[in-house]
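Enquirer: Hints are included, so try docking the two chains, each in its own frame, into the full complex.
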Amino acid sequence: MNSNESLKTFLKGKKQRDEETGRAADKEDRIRGRRSAIAELFTSIEGWLKSSAEEGIVSLERDPYVHSDEQLGMLTEESMKLVVGVSEVFFVPVPGSIAGASARVDMVSGDRRLPIVSLPGGWHFLVRGPVTRTEPVTEESFGNALIELLNE
Amino acid sequence: MNRVSFFEGRPRASQLKQWHLDMRSAVDDLELKVLDLIAQHAPVPDAVLGMTPGEVARYFEDARGELEAATSLMVLAEAEAVLRVDYLSRVRRKAKDPLSRAFRELYKQRGDRVVLEQDLLDT
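In order, the protein sequences belong to chains A and B.
Mapping of the first sequence onto my numbering: position 77 corresponds to residue 77, and the numbering continues sequentially without gaps.
Mapping of the second sequence onto my numbering: position 70 corresponds to residue 1070, and the numbering continues sequentially without gaps.
Among the clues, some could well be false.
What the hints assert, rightly or not - According to the in silico footprint, chain B covers these stretches of chain A (three or more CB under 8 Å from chain B): (1) 94 to 105; (2) 125 to 135.
To be verified - A short list of chain B residues far from chain A (calculated; beta carbon distances all over 12 Å): (3) Arg1012; (4) Leu1021; (5) Met1023; (6) Ala1070; (7) Leu1073; (8) Leu1076; (9) Glu1078; (10) Ala1079; (11) Ala1081; (12) Leu1083; (13) Arg1084; (14) Asp1097; (15) Leu1106.
Read the hints as simulated data drawn from the structure, not as lab findings.
Even glycine gets a Cβ: it sits at the ideal position worked out from N, Cα and C.
Just chain B, with the same shape it has in the complex (with noise of 0.2 Å):
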């Protein structure tokens, strides 16, 4: 059986929360630095070079809206990484509850090679 590395080098959920927040008042900041460039005439990154207000507020919805998907996808790969730790934590432990019986028979079965929606949730 594989060793089971418990939590080591993975972002952890209030780092993601962070994270998310910190990358949300950047794409904020950014905005705002923008607005501020356009009403000043002064150059602009390129991204956003000959954009109008309104396009410019599209741009900086969309980014918001990327954050959004690439945070949920994090937390879902984080809620999975948790989920087969403690998958070989209950086989290796050995212990009597039913979900740890479970557990050791699917892992007779599958292995490390577990799906999670079909297999851990479903157990």
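Next up, chain A with everything else stripped away, as it sits in the complex (with noise of 0.2 Å):
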């Protein structure tokens, strides 16, 4: 057997085993659940900010974002930019994986940065004190969270 035969053998038992123990498939769930959480976040987002935005307040933008994730490989996923005078806000998906949730999409403005994490009961914002708590992620608290973010 010559080399390129023996890397093809290598490679087909790899995927085969992976398609037994249903890692792929898990890979496959994993990246389209982080996906699919990553745009509902989003798009309440946009929800939220609608009159704003459509007032000429703030502006809203998604772009996708390329990263590296170790187990799941190279993700092709969405960030967004809020932009509102001269202040803009990141939203960011994390890579890796997360201790606890299915996914991480941080808000970052200048040196401040808000995780916000994806639990089986939705997206909640993580408050870190001397006690580690969530916060829902709802109209209200995201209101509060961006005045927070951006008072300066």
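Expert: Have a look at this one:
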């Protein structure tokens, strides 16, 4: 067997094992789950800011965001940018396994960063203090977070 | 003069060492458990919820750093306690060696209120 054939045999075995153990399907499920959860979050934010966007107070823009994940490989997801005045807030998916959550999007403005995690009950802000707590992402909590992030 | 309490109720250096090793081992075990939970996509302790593997590593490095600092303070406190007990026992025993004489002189001036670095170590 030449080296090309032995490599092909190895790769075939690897593919077969991943398919048999369900890892390949699990990976696809996780990628789809992440994309759909992130899209749902961004759609909610766009809805909450719709009237401000229509009046030209803020602008929202989604962009493709390519990043590398240790387990899921190269991922093409979406990021979102909110512009108000000269300030910008980025909503950036975080790669890698996230402890206790299926996905994480960070709300970033300057050196301020507020993590939002996808938990079984939906998206939650992570509020870190002496005790870490979670706050469901709602129109009200999102508004409060945005004010806090943009306040100089 | 106050009665001298010889080591009662205070952790010895050997106990502090064992305590430190136990705590260090507990932190290491917790880190492994958390990494395992993350790999299984299972619920994790609130303290590390939402962290990336890099953030989890930094969290446990910080915990080990805090443990080192806390242990250092406890060792320092234990060392000071040993020196204070030695100081008071030398004052009581009225031995003739130079250090005991110096401590008795110091006791006449400052009594129990000696400062570790300024009084005991300099003597």
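Enquirer: Taking 12 Å as the cut and beta carbons as the points, is Leu1083 of chain B off the interface with chain A?
Expert: holds, 36 Å
Enquirer: Check the non-interface label on Glu1078 of chain B: least C-beta distance to chain A beyond 12 Å or not.
Expert: It holds; Glu1078 of chain B is separated from chain A by about 29 Å at its closest Cβ, greater than 12 Å.
Enquirer: Taking the minimum C-beta separation from Leu1021 of chain B to chain A, is that value above 12 Å?
Expert: Label holds. Min Cβ-Cβ 27 Å, cutoff 12 Å.
Enquirer: Compute the least Cβ-Cβ separation between Arg1084 of chain B and chain A, then decide whether it is above 12 Å.
Expert: About 35 Å separates Arg1084 of chain B from the closest Cβ of chain A, which puts it past 12 Å; holds.
Enquirer: Since Ala1079 of chain B was said not to touch the interface, does its Cβ keep a gap of more than 12 Å from each Cβ of chain A?
Expert: holds, 31 Å
Enquirer: Three residues minimum, CB to CB under 8 Å: does the segment 94 to 105 of chain A make the cut for coverage by chain B? Let me know.
Expert: As far as the segment 94 to 105 of chain A goes, the hint holds, because 10 residues have Cβ atoms under 8 Å from chain B.
Enquirer: Are all beta-carbon distances from Arg1012 of chain B to chain A longer than 12 Å?
Expert: The claim holds: Arg1012 of chain B sits with its nearest Cβ about 32 Å from chain A, beyond 12 Å.
Enquirer: Non-interface claim for Leu1076 of chain B: all C-beta distances to chain A beyond 12 Å?
Expert: Non-interface label on Leu1076 of chain B holds, nearest chain A Cβ at 26 Å vs cutoff 12 Å.
Enquirer: Decide, holds or violated, for the assertion that all CB atoms of chain A are farther than 12 Å from the CB of Asp1097 of chain B.
Expert: holds, 52 Å
Enquirer: Is the Cβ of Met1023 of chain B farther than 12 Å from every Cβ of chain A?
Expert: Label holds. Min Cβ-Cβ 20 Å, cutoff 12 Å.
Enquirer: Is it correct that the beta-carbon of Leu1073 of chain B has no partner in chain A closer than or equal to 12 Å?
Expert: holds, 21 Å
Enquirer: Using Cβ atoms and 12 Å as the threshold, tell me whether Leu1106 of chain B really stays out of contact range of chain A.
Expert: holds, 44 Å
This entry satisfies every hint, going by the numbered hints stated previously.
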